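Novice: All letters in the sequence shown, in the order written, are residues -20 to -1, 1 to 82 by mature numbering (1 follows the signal peptide of the UniProt record, and there is no 0).
It is worth saying that the hints were derived from the structure and are not from the lab.
None of the values given here were measured: they were computed from a predicted structure.
Where is the CB? At the ideal position from N, CA and C, for every residue including glycine.
Each hint can be trusted.
FRET-style restraints, in silico, Cβ to Cβ: (1) Gly39 to Arg67: 12 to 22 Å; (2) Gly38 to Arg67: 17 to 27 Å; (3) Gly38 to Ile(-15): 31 to 41 Å; (4) Gln45 to Leu(-5): 20 to 30 Å; (5) Gln70 to Ala26: 19 to 29 Å; (6) Phe(-16) to Ala26: 45 to 55 Å; (7) Met(-20) to Gly39: 42 to 52 Å; (8) Ala(-1) to Leu20: 24 to 34 Å.
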Amino acid sequence: MSRSFIATYFSAACLLLIVAAVQPGRGEAVAVISAPWSGLAAEVVAQAGGRIVSTSAGGRVAISQGGAGTGVGRFYAAGAIAVVSARVWQSCATMFSGERGR
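Please model the entire structure based on the sequences and the hints provided.
Specialist: Take a look at the structure:
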């Protein structure tokens, strides 16, 4: 086996694990992420018939409760570029904002 094959295989496996880890559970709150060239995330959630819990300062991320139960596909159909577990999103946002340990 060549090194490039092993590196590609390892990278693909890691990517698959990351994608699986950020998927929302049934009935769990979701973070809906909109593209910079499209409307705000709150508009995407509203078009999908979701309930907005909160939004980010820039408006590109909106937290919607019960997204997995109502169908994550609706958010994609309304223009979301990603729909991930809100718990994972908030953990990452806290880690990168420097609010750890408070």
